[in-house]
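Peer 1: Keeping their order, the protein sequence lines are chains F and H.
So for the first sequence, the numbering used here puts the first residue at 1; every next one is plus one.
So for the second sequence, the numbering used here puts the first residue at 116; every next one is plus one.
Source of the hints: derived by calculation from the structure; they are not laboratory data.
Computed from a predicted model, the values in this text were never measured in an experiment.
Here a beta-carbon is modelled for each residue, glycine too, at the ideal position from N, C-alpha and C.
There may be inaccurate statements among the hints.
Between beta-carbon pairs, the in silico distance windows are [unchecked claim]: (1) H:Arg200 - F:Gln42: 42 to 52 Å; (2) F:Arg77 - H:Ser212: 28 to 38 Å; (3) F:Ala115 - H:Arg200: 34 to 44 Å; (4) H:Ser211 - F:Thr30: 32 to 42 Å; (5) F:Glu15 - H:Gly131: 45 to 55 Å; (6) H:Thr191 - F:Gly62: 38 to 48 Å; (7) H:Glu129 - F:Ser52: 45 to 55 Å; (8) F:Gly28 - H:Glu129: 25 to 35 Å; (9) H:Leu230 - F:Ser52: 26 to 36 Å.
With a cut-off of at most 30 Å between alpha-carbon atoms, the simulated DSS-like pairs for lysine-lysine come out as follows [said to hold, decoys possible]: (10) F:Lys49 - F:Lys102; (11) F:Lys102 - H:Lys139; (12) H:Lys183 - F:Lys102; (13) H:Lys139 - F:Lys49; (14) F:Lys114 - F:Lys49; (15) F:Lys49 - F:Lys61; (16) F:Lys69 - F:Lys114; (17) H:Lys139 - F:Lys61; (18) F:Lys61 - F:Lys114; (19) F:Lys49 - F:Lys69; (20) F:Lys58 - F:Lys71; (21) F:Lys114 - H:Lys139; (22) F:Lys114 - F:Lys102.
Reference excerpt, derived from the structure (chain F facing chain H, CB under 7 Å, subset only) [as the list claims (entries may be wrong)]: (23) Asn32; (24) His43; (25) Val57; (26) Asn94; (27) Phe105.
Residues per chain are reported as follows:
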Amino acid sequence: AQSVSQHNHHVILSEAASLELGCNYSYGGTVNLFWYVQYPGQHLQLLLKYFSGDPLVKGIKGFEAEFIKSKFSFNLRKPSVQWSDTAEYFCAVNPLNTGGFKTIFGAGTRLFVKA
Amino acid sequence: DAGVIQSPRHEVTEMGQEVTLRCKPISGHDYLFWYRQTMMRGLELLIYFNNNVPIDDSGMPEDRFSAKMPNASFSTLKIQPSEPRDSAVYFCASSSSGGFNNEQFFGPGTRLTVL
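Input sequences plus hints: build the corresponding full structure.
Peer 2: Given below as structure tokens:
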């Protein structure tokens, strides 16, 4: 079955530390890839997305993600986190053989940034 | 644009009662999704519609759950009878099929508590 794996369920960092959240998916065909963020008490919102082209994509708030096709990975990075980055982060995949609309979400990674 | 609108934001009910959750998608979006989020299972896709037609309901947990989309601007998710294990946050999301821009826009969610 198609799945999305996020390696860490909880991450605790101090401000200014670097962040990398892992994401792997188990689908061999063409995919669209997303990272969504859910701040405390808020709804999910898009952080960044990859459809094609440059495998290094930049999103809002200084986040970026790199698509490595050979590793089926789409890891999220930020060089220096802030307290306001405390949130839950979801990796998501749209396998295009579903028309690209059946999004499969990972279990999420809860990030807590200490001030 | 007001974004995806969900009501109620919070619902507390007793086991056995019928619960109806409502969603208004973004105007012009032709895909609508219902998700359930719990600590144990993360974010699960329950069902999605395209042009008001249910496309995939394989995520609906059991017959107690039903969803309808009578028109392009309204959808309901009904649980009858409700059980304590249905307690979760239910999100509605919508998307446009224009191009391959499959970003989903999420509503604020309905936090359901079944006592």
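Peer 1: Checked against the structure, which of the hints given earlier come out wrong?
Peer 2: 1, 4, 8, 9, 16, 21, 22 and 25
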